[in-house]
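Protein chains in written order, with my numbering: chain F, 51 to 353; chain C, 119 to 465; chain H, 38 to 360.
Hint data in this document are derived by calculation from the structure and do not stem from the laboratory.
Mixed in with the good hints, there may be bad ones.
Under the rule of at most 20 Å between Cα atoms (straight-line distance), these lysine to any residue pairs were calculated in the SDA-like manner [as the list claims (entries may be wrong)]:
(1) 313(F) - 302(H)
(2) 196(H) - 319(F)
(3) 328(C) - 371(C)
(4) 138(H) - 207(H)
For reference, the chains in residue letters:
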Amino acid sequence: MAKLYTPAMAKIDKKKAKLKGRVRKSSPGREAWKRLIRNKLAVAGMIILVILILVAVFANFIAPDGIDNQVLKNRLQPPSAAHIMGTDQFGRDIFSRIVYGTRISLPIGFVCTVLAFAFGGILGSVAAYNGGKVDNVIMRIMDIFQSIPPLLMAIGIAASLGNGVLNLVLAISLSTTPARSRVIRAAILTVKRNDYIESARAIGASSRRQLLRYMLPNALGPIMTAFTFSVATAILTVSSMAYIGLGIVPPTPEWGSMLSSSKELLRQAPYTLYFPGIMIMITVLALNLFGDGLRDALDPRLK
Amino acid sequence: MSENVLEVKNLIVHYETQDGVAEAVNDVSFSLKAGETMGLVGETGAGKTTVALSIMGLLPKPAGHIIGGEILLDGKNIVETSRNKIKQRRNDRMMRKLRGNDISMIFQDPMSALNPVMPVGEQIAEVIRLHNKISKADAVKRAIEMMELVGISGERYSYYPHEFSGGMKQRIVIAMALACNPRVLIADEPTTALDVTIQAQVLDLMRGLKKKFNTALLMITHDLGVVAEICDKCAVVYAGQIVEYGSIEHIFNNPQHPYTKALFNAVPSLDKDVDRLESISGLMSDPMDLPTHCTFKERCTACCDACGEIDPPLTEIEPGHLVRCYHFMKETDKAAAVAGKGGGVAK
Amino acid sequence: MLKYIVKRLLWMIPVILGVLCIVFVLSEITPGDPVDTLVGADAPPEVKEAMREKLGLNDPVYVRFANYIVKVVTKADLGNSYTTNQPVAKELMVRFPITLKLTLWSIFVALVISIPLGLISAVKRYSWIDNLSMALALFGVSIPQFWFGLMTMLIFSVKLKWFPASGIDGTAGWVLPVAMIGIGNVGNFARITRSSMLEVIQQDYIRTARAKGQKEWIVIVKHGLRNALIPIVANVGNVLGISLGGAVIAETIFSVNGVGKYMLDAINARNWPSVQGGLVLLAISFSIIMLLVDLLYAAIDPRLKSEFKAKNKIKSRRKAVEA
Numbered sequence: 051m052a053k054l055y056t057p058a059m060a061k062i063d064k065k066k067a068k069l070k071g072r073v074r075k076s077s078p079g080r081e082a083w084k085r086l087i088r089n090k091l092a093v094a095g096m097i098i099l100v101i102l103i104l105v106a107v108f109a110n111f112i113a114p115d116g117i118d119n120q121v122l123k124n125r126l127q128p129p130s131a132a133h134i135m136g137t138d139q140f141g142r143d144i145f146s147r148i149v150y151g152t153r154i155s156l157p158i159g160f161v162c163t164v165l166a167f168a169f170g171g172i173l174g175s176v177a178a179y180n181g182g183k184v185d186n187v188i189m190r191i192m193d194i195f196q197s198i199p200p201l202l203m204a205i206g207i208a209a210s211l212g213n214g215v216l217n218l219v220l221a222i223s224l225s226t227t228p229a230r231s232r233v234i235r236a237a238i239l240t241v242k243r244n245d246y247i248e249s250a251r252a253i254g255a256s257s258r259r260q261l262l263r264y265m266l267p268n269a270l271g272p273i274m275t276a277f278t279f280s281v282a283t284a285i286l287t288v289s290s291m292a293y294i295g296l297g298i299v300p301p302t303p304e305w306g307s308m309l310s311s312s313k314e315l316l317r318q319a320p321y322t323l324y325f326p327g328i329m330i331m332i333t334v335l336a337l338n339l340f341g342d343g344l345r346d347a348l349d350p351r352l353k
Numbered sequence: 119m120s121e122n123v124l125e126v127k128n129l130i131v132h133y134e135t136q137d138g139v140a141e142a143v144n145d146v147s148f149s150l151k152a153g154e155t156m157g158l159v160g161e162t163g164a165g166k167t168t169v170a171l172s173i174m175g176l177l178p179k180p181a182g183h184i185i186g187g188e189i190l191l192d193g194k195n196i197v198e199t200s201r202n203k204i205k206q207r208r209n210d211r212m213m214r215k216l217r218g219n220d221i222s223m224i225f226q227d228p229m230s231a232l233n234p235v236m237p238v239g240e241q242i243a244e245v246i247r248l249h250n251k252i253s254k255a256d257a258v259k260r261a262i263e264m265m266e267l268v269g270i271s272g273e274r275y276s277y278y279p280h281e282f283s284g285g286m287k288q289r290i291v292i293a294m295a296l297a298c299n300p301r302v303l304i305a306d307e308p309t310t311a312l313d314v315t316i317q318a319q320v321l322d323l324m325r326g327l328k329k330k331f332n333t334a335l336l337m338i339t340h341d342l343g344v345v346a347e348i349c350d351k352c353a354v355v356y357a358g359q360i361v362e363y364g365s366i367e368h369i370f371n372n373p374q375h376p377y378t379k380a381l382f383n384a385v386p387s388l389d390k391d392v393d394r395l396e397s398i399s400g401l402m403s404d405p406m407d408l409p410t411h412c413t414f415k416e417r418c419t420a421c422c423d424a425c426g427e428i429d430p431p432l433t434e435i436e437p438g439h440l441v442r443c444y445h446f447m448k449e450t451d452k453a454a455a456v457a458g459k460g461g462g463v464a465k
Numbered sequence: 038m039l040k041y042i043v044k045r046l047l048w049m050i051p052v053i054l055g056v057l058c059i060v061f062v063l064s065e066i067t068p069g070d071p072v073d074t075l076v077g078a079d080a081p082p083e084v085k086e087a088m089r090e091k092l093g094l095n096d097p098v099y100v101r102f103a104n105y106i107v108k109v110v111t112k113a114d115l116g117n118s119y120t121t122n123q124p125v126a127k128e129l130m131v132r133f134p135i136t137l138k139l140t141l142w143s144i145f146v147a148l149v150i151s152i153p154l155g156l157i158s159a160v161k162r163y164s165w166i167d168n169l170s171m172a173l174a175l176f177g178v179s180i181p182q183f184w185f186g187l188m189t190m191l192i193f194s195v196k197l198k199w200f201p202a203s204g205i206d207g208t209a210g211w212v213l214p215v216a217m218i219g220i221g222n223v224g225n226f227a228r229i230t231r232s233s234m235l236e237v238i239q240q241d242y243i244r245t246a247r248a249k250g251q252k253e254w255i256v257i258v259k260h261g262l263r264n265a266l267i268p269i270v271a272n273v274g275n276v277l278g279i280s281l282g283g284a285v286i287a288e289t290i291f292s293v294n295g296v297g298k299y300m301l302d303a304i305n306a307r308n309w310p311s312v313q314g315g316l317v318l319l320a321i322s323f324s325i326i327m328l329l330v331d332l333l334y335a336a337i338d339p340r341l342k343s344e345f346k347a348k349n350k351i352k353s354r355r356k357a358v359e360a
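Next up, chain F with everything else stripped away, as it sits in the complex (with noise of 0.2 Å):
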């Protein structure tokens, strides 16, 4: 029964191997994006997304004015020809500072899901990988942490950093840490199961080349899609902390600080108060379709 395992042997199976993580990363994911772009809703998606990529590149085209041009004399102006969003109290073009609020909601936005699941991913596979004792003691430690609210830690560390872009992007990315290592340890814990791992360590792949090569390659579909969401979470947290004036400060023109500014005009000139909002919804909005569309075109059993 028991055959001895030869070099020869250990050639083809790593032949086979190889052949096996090929099929399996290219086919399935080529089927995926053909669900994706057959779904008319996470196309709508994408499209905003792209569109609301190129408004941040080319804002000072499309701007009709700058950020923090302040014109007195057209103070509280409603929506005109001229201006076609209105003025704020500062008789500044809500238009053009919505334009430019573009380059700071997505990009701040997609840094710190970035940061979230660099840190966090290194925890997961870390613990994931490991089992055992190691995995008990991160995953405890990221309990601890996750025992306050997300919000309230960011608040927490905003507050005792100080406001600025660089502190707002470490307060939101560490303040959801915890919740990023769990998504990419659950789903290394599920490749980790596959027999292609096993048939990886049977050709004596090294540790660090078994879960780079293998585990995150596979893991990675549930881990785009969490991704996905997680910006759009990212943005709501930075404009709901902007709002209550904490990282980013007026004048810079992002979305949240903009309502934080105009939420005394609630009833003087509420029409300040649409856009910025307008604007944030449309954008989680776009990113949720995309989310949505990601995790039915890699899971499709769940549509």
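For this one, chain F is given, so just place chains C and H on it according to the hints.
Same frame as chain F, but now just chains C and H:
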């Protein structure tokens, strides 16, 4: 001769999906008497389960439709082929009263057939209370009796499904199916998911209970061993059609259809010493795209040119033994079929 | 089961210590001198020094940390507010019930609205009612909570004058804050209910229940819903966190005198003991509610309970073998 309890006549079932229409069952007819057991044999995708679900009125919605034919329970038709919503609803209501009470079904996988968050006893009592006007306490008593009957201690009434093994779960499913003493029991591959040793126990149990309650049993399986074990007669199904139908002696001692023969060749035998088992080459025709000629032609070892033109009808080759194959057609039918180009449904 | 509860309660000790540690570190890295906020930046140095000595700010870090923990644990003393000089614990206890009530009500209302919505969506998949409720749910998860609060305030308080714009005196005052905190959860729950219900409906045990001749809606509710609720309960920790965070913002928008507004006012005034105290209180109550949720989880899913029992059995057997 007692009356037929269940009679299926010319049943046609289609699944209408986005990709097209799948002709899952094409003109299937058979009958069952009280206490009789019939095997429905065929490979995966042949339409066996669809037949069962049609009888239960549980075809998956909205894709599954009974296009034509009749299913008679005690001589009364229980199929509504009209798409009229009111008629459908009336039929649904009637079927609900029959399900679990007059017709029951045992599903293939006992692991997932029980609700994981409900004690097993309660799941048995549920069906009892649905169809009998009795108090909750009496229903519990009956449920415990049923559990004892299938060999599970009544003390385990309030245990959850995950606390039982696969074989035990299947016993509970059987208890649930028989709790209201149905006239017809449909068992859809009841032993496939079980260990071989447990399979025999479950079959024994079913045979005993069937005798006790005088229930007609429709046994769906791909395992000829199970058929030999428990059935009185047998229908071999291929691509939604019955290709051979007869008593157990007919099928086992004198198989005639090439497909039936091939099935027997694919089963290991104790008497014959063979080096390799024969497999049936090729795949079953796609139900989305069935040929107009004999559906088995492409895989048949005995096919001739005429098989590619004629869709042979079931032909009686000896009393009670029917075969659907060109080679067994009466010469007159052959001539008529060639003349009519396409042929058919001759009875 | 009792053993499980005790174990979970014991686990709260390191959690609370960890939270205290995090909060202490946060206060340490805060720039600016708390004494400046207390006695004014241009007070004479002797006064400042005296104040510093009085607050124990001259001790080394570890002494202050130890003192802080001992005080919190033994006397439930969270220090005094820099602005009012009142004990923080006392100030918090007045406000805490309001925040808790706001959070729990919003979750309750969200559940009551969203579960039927998700259920109908799953059962009538791809119908107009499914499309409509999923579109609403998508807006629910995409709309910024605070902006929803502002807009509802604009419509229902300023224009229609149905509800007060600030304060929670009387029932009417609760409507808008609860709606604001709950809006995201409605979307969230409805989406989760739908997808988990869709999965449950395809399970064999649903077919078994239908095969019994049970009425369709009883099959869905009795056999389907309880199974479909499991992922919702599993997600409730997440939800609770979001709701507590939402409550903080809702309290500032609607001027509700809860823990959230207290903390944000304290942040603006650099009143650290109050911020710390608020964080500690919310974190502890969060952990307690999570414990209750886990117990509920075990009650809904019997598989979990016996899994725990089995683990214990293995452990005790192993011990018996070793002994």
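Now the hints, each set against the structure:
Note on residue 313(F) and residue 302(H): the hinted pairing holds, with a Cα-Cα distance of about 17 Å set against a maximum of 20 Å. Distance check on the hinted pair: residue 196(H) and residue 319(F) sit about 13 Å apart at the alpha-carbon level, within 20 Å; holds. For the suggested pair residue 328(C) and residue 371(C), the alpha carbons sit about 25 Å apart, so the restraint of at most 20 Å is broken. A threshold of 20 Å between alpha carbons decides the hint, and for residue 138(H) with residue 207(H) the separation of about 14 Å falls inside it, so the pair holds.
Taken one by one, the earlier hints fail for this structure only at number 3.
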